[in-house]
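Q: Listed below are the residues making up each chain.
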Amino acid sequence: MRVRNLTKRYGDVVAVDDVTLDFTPGVHCFAGPNGSGKTTLLRCLAGLTRPTSGVVENVCDVNYAFQTPSVYHDLTVADNLAVFSGFASEPPAWRAKLADRLGLEPMWDRPASALSDGYRKRLDLALALLDRPDVLVLDEPLADLDPATRDAIVDTVESYAGDDRHVLVSTHNLDRFAGLADRLTVMSLGRVIADEPRGEWDDPEAAYERALRAHRSG
Amino acid sequence: MALPPLLRKELRWGWRKKLPLLVLFVLVPALFVYGTLAFEHVLPKSVQVAVAPAGPGATQDDLSVVRAAVTLFSDPILYESRNAAMHALSRERVYAVITAPANLTAGAGAATVDIFVSGSIVPYQEPATVLASVADRGLSSLLDRPVSTTYTVVGREWTLSAYLLPTFLFVLVLLVAFAYLPYNLASEEAAIDRLRLESSLYRVVAAKLGAFTALLVLPIAVFDLASGYLGTPVAFLRPSVLAVYALCFLAAGTLAAAVTVALRFSAWGRLANLAVLLFCLAFSGLAYPRGFFSVARRDFITALPTYHAMVAARGFTLRGQPLTAYADTVLLLCGTLAVCCALFAGSVRYYERGA
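Chains as they are written, first to last, in this note's numbering: chain A, 1 to 218; chain B, 1001 to 1355.
Calculated directly from the structure, the hints in this document are not laboratory data. The C-beta atom is built at its ideal place from N, Cα and C for all residues, glycine as well. Be aware that a few hints might be false.
[To be verified] Just the calculated beta-carbon pair ranges, DEER-fashion: (1) A:Asp155 <-> B:Leu1022: 33 to 43 angstroms; (2) B:Ala1355 <-> A:Trp108: 30 to 40 angstroms; (3) B:Ala1226 <-> A:Ala96: 43 to 53 angstroms; (4) A:Ala78 <-> B:Ala1002: 41 to 51 angstroms; (5) B:Pro1004 <-> A:Val55: 38 to 48 angstroms; (6) B:Ala1355 <-> A:Val55: 12 to 22 angstroms.
[Unchecked claim] Residues from chain A that keep clear of chain B, each with C-beta distances beyond 12 angstroms, as calculated: (7) Ser116; (8) Asp164; (9) Ala206.
[To be verified] A few chain A residues that face chain B, going by a derived Cβ cut-off under 7 angstroms, partial list only: (10) Met1; (11) Thr49; (12) Arg50; (13) Cys60; (14) Phe66; (15) Ser70; (16) His73; (17) Phe87; (18) Trp201.
All chains, please: the whole structure from these sequences, using the hints.
A: Next up, the structure:
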């Protein structure tokens, strides 16, 4: 899976500017200030956004946990899981396991509209994992969540990563992924300003700050 | 909080939203005013009626004098034969048939002119009696012989309430397509990204249209059963009726989905669909005969597939005509559906370019 000279413009705004990246299995974190193009890049990779130019080469099965959960608000947790299981080939036991791991059972019969933000995020992640995708994209998975929900999501990602799977995480909470991240890509104004595997850094937060400082100083 | 800051906020908001506000408060009212041109009079002066020879002996002069006699209250069209004129009546291309007898202008003694109206076009029954007296008086003044008119209702004579049933069902179909379906689609906007990932917007809308089309069997059955229960049984549960309403719903629903998707599931999409709904209700000639209000409206109505669908629906339910009698209408609706599908495909492309 890779992208070549990927550019995405919205009118005069260049959201992603000539990005070339090769992706390797493991947890790949994307960091950058707001509006740096992380989400647009990941959406292009998932096929949700059409690049203006450049190539996305992807033969993998991608699924996505969205920053704003993409669920049916008027359906219950159980119904949402049942509906989206229809697109997946995994057995019902996997659905039950996911619900258990993400602590969704107590909310089973509640409509998604009646869930807290945290539980909607959990549900969204469960939906993204239903078909055990080769590539799991997480867009700001921990934003505005309580510690218990953050732990549930990070634990789920940790157990899912590995087995040659790609987990791409766009996040401002690098500290929570410090133990998991295999690679860190830093973006600013649509461009990749640093792309380093674990080994070139110990603390991803520090690596991110360093990359931004270096970029600003030219 | 004091009022002035809130009013200033409204002003700022208004300035930011000047284009939609211009559409809502200037363009739409202007269109409403312009739309009143379609209602020039309340008497059916421009309704098309057929003038045809009663038999082989009727001359061009005979037809012309009948035509001249009814011009005041209708827009007469000459037909070569009585059969062709009666066929036009059964298709609502004309709303009355006036037959000119042989030797009307050349002969002497009393003559009779026959006027035929369809029992399925209830709103024209009373105007048709006026038409008969207009013809009576007009012919008597134009000819030097006594002329009387006979008035015959062709087919089953329906009540106004029975006549309105197919119209109300049509309104319901349009309401579901242009009001409820876009609302339902927009309410699922949150799930659209996931659905695009797992499936596609095409399949999402196709599934929704399929489900709603199947659901429409329920109101159609209700119309069928309730009309029977109330003593004016109208046969709605027929394949031809189901086909015409289903095709209408599919075309209207696809158009509504195209508008919803093109306007990114926003409130503007719902407003635009509401405008399309009002337009269809006002300009499809659903209840009154074409030409009842103005010539401009009559010609405009004829260009709309919804008008032709309504005529076919009345043909199937009130006149008991077979599906083959409206094969051209079914083809027109299929063509309209194809155009709506193309518009939907364009709107999906537009949506995905900006996603």
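Q: Are the hints correct? Go through all of them and say.
A: Here is what the structure says about each hint:
no.	hint	result
1	A:Asp155 <-> B:Leu1022: 33 to 43 angstroms	violated (54 angstroms)
2	B:Ala1355 <-> A:Trp108: 30 to 40 angstroms	holds (32 angstroms)
3	B:Ala1226 <-> A:Ala96: 43 to 53 angstroms	holds (46 angstroms)
4	A:Ala78 <-> B:Ala1002: 41 to 51 angstroms	holds (49 angstroms)
5	B:Pro1004 <-> A:Val55: 38 to 48 angstroms	violated (56 angstroms)
6	B:Ala1355 <-> A:Val55: 12 to 22 angstroms	holds (18 angstroms)
7	Ser116	holds (15 angstroms)
8	Asp164	holds (21 angstroms)
9	Ala206	holds (33 angstroms)
10	Met1	violated (16 angstroms)
11	Thr49	holds (5 angstroms)
12	Arg50	holds (6 angstroms)
13	Cys60	violated (13 angstroms)
14	Phe66	holds (6 angstroms)
15	Ser70	holds (4 angstroms)
16	His73	holds (5 angstroms)
17	Phe87	holds (4 angstroms)
18	Trp201	violated (32 angstroms)
The structure fails hints 1, 5, 10, 13 and 18 (numbered hints given earlier, in ascending order).
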